[in-house]
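Starting from the given sequences, assemble the full structure and let the hints guide the process.
With the numbering used here applied, the sequence shown corresponds to residues 4 to 136, in that order.
Be aware that one or more of the hints could be misleading.
Claimed, not checked - Distance condition first, Cα-Cα at most 25 angstroms in a straight line; then the derived DSS-like pairs of lysine-lysine:
(1) Lys136 <-> Lys84
(2) Lys88 <-> Lys136
(3) Lys65 <-> Lys8
(4) Lys122 <-> Lys8
(5) Lys65 <-> Lys84
(6) Lys122 <-> Lys88
(7) Lys85 <-> Lys75
(8) Lys122 <-> Lys136
(9) Lys85 <-> Lys136
To be verified - Have a look at the derived ranges for each label pair, beta carbon to beta carbon:
(10) Lys122 <-> Glu86: 17 to 27 angstroms
(11) Trp72 <-> Thr5: 30 to 40 angstroms
(12) Asp107 <-> Leu68: 30 to 40 angstroms
(13) Pro13 <-> Leu62: 14 to 24 angstroms
(14) Asp107 <-> Pro69: 17 to 27 angstroms
(15) Ile71 <-> Glu126: 27 to 37 angstroms
(16) Arg124 <-> Met4: 28 to 38 angstroms
(17) Lys84 <-> Gln110: 33 to 43 angstroms
(18) Trp72 <-> Thr135: 22 to 32 angstroms
(19) Met4 <-> Gly38: 20 to 30 angstroms
Just so you know, these hints were derived from the structure itself, not from any lab.
All residues carry an ideal CB built from backbone N, CA and C; glycine is no exception.
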Amino acid sequence: MTVPKGSLFPMCGMNLTFNREVIGPAMYFGLMGHGQPLGRYDDMWAGWCTKVICDHLSLGVKTGLPYIWHSKASDPFTNLKKEYKGIFWQEEIIPFFQSVTLSDDCQTVCDCYLELAQKVRDELSDLDPYFTK
Numbered sequence: 004m005t006v007p008k009g010s011l012f013p014m015c016g017m018n019l020t021f022n023r024e025v026i027g028p029a030m031y032f033g034l035m036g037h038g039q040p041l042g043r044y045d046d047m048w049a050g051w052c053t054k055v056i057c058d059h060l061s062l063g064v065k066t067g068l069p070y071i072w073h074s075k076a077s078d079p080f081t082n083l084k085k086e087y088k089g090i091f092w093q094e095e096i097i098p099f100f101q102s103v104t105l106s107d108d109c110q111t112v113c114d115c116y117l118e119l120a121q122k123v124r125d126e127l128s129d130l131d132p133y134f135t136k
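Structure, rendered in C-alpha cells:
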C-alpha cells in the first residue's frame, strides 16, 4: 500500500527494506539504548524523518503486512519504562512532522536530512536536550 503524501506511518525496523542508493542516508535511526531517553521509538523516528524527505523529493513509500512474523512475548511494564518519554513526546513530535516543510534548496536526501536536523534542533530542543544531538 502506498502511504499518501503528507501522511505519516509507524515504520517498524524489524521488517524493513529500502533502496539505499535512493533513500539510504535518511535511514538514520534515533539514538537509543543505555543513557538515551528515547526507547523503542528509534525506528518510528527514522520513518517520520524518511517520510518527510520522501514527500519533499516526490519519492514513494510503501507499507504493508510483514514478510516475517515476529511473535516475541515481552513485559508490558518494562516496555512502558522504555517508552514513556516517547509517548509523552509524541504530542509535540507528530505535529512537528505533520507540519514541517523543507526548502526548495533541498534537492538530495542528504540536504534534506541536514535541514530537517536543524529544524528538529530549533523546534524540539525545548522538549529535551536529546533533540540537540
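Here's how the hints hold up against the structure:
no.	hint	verdict
1	Lys136 <-> Lys84	holds, 22 angstroms
2	Lys88 <-> Lys136	holds, 16 angstroms
3	Lys65 <-> Lys8	holds, 11 angstroms
4	Lys122 <-> Lys8	holds, 20 angstroms
5	Lys65 <-> Lys84	violated, 31 angstroms
6	Lys122 <-> Lys88	holds, 20 angstroms
7	Lys85 <-> Lys75	holds, 17 angstroms
8	Lys122 <-> Lys136	holds, 12 angstroms
9	Lys85 <-> Lys136	holds, 19 angstroms
10	Lys122 <-> Glu86: 17 to 27 angstroms	holds, 24 angstroms
11	Trp72 <-> Thr5: 30 to 40 angstroms	violated, 23 angstroms
12	Asp107 <-> Leu68: 30 to 40 angstroms	holds, 36 angstroms
13	Pro13 <-> Leu62: 14 to 24 angstroms	holds, 19 angstroms
14	Asp107 <-> Pro69: 17 to 27 angstroms	violated, 36 angstroms
15	Ile71 <-> Glu126: 27 to 37 angstroms	holds, 36 angstroms
16	Arg124 <-> Met4: 28 to 38 angstroms	holds, 33 angstroms
17	Lys84 <-> Gln110: 33 to 43 angstroms	holds, 42 angstroms
18	Trp72 <-> Thr135: 22 to 32 angstroms	violated, 38 angstroms
19	Met4 <-> Gly38: 20 to 30 angstroms	violated, 37 angstroms
In this structure, the earlier hints numbered 5, 11, 14, 18 and 19 are contradicted, and the remaining ones agree with it.
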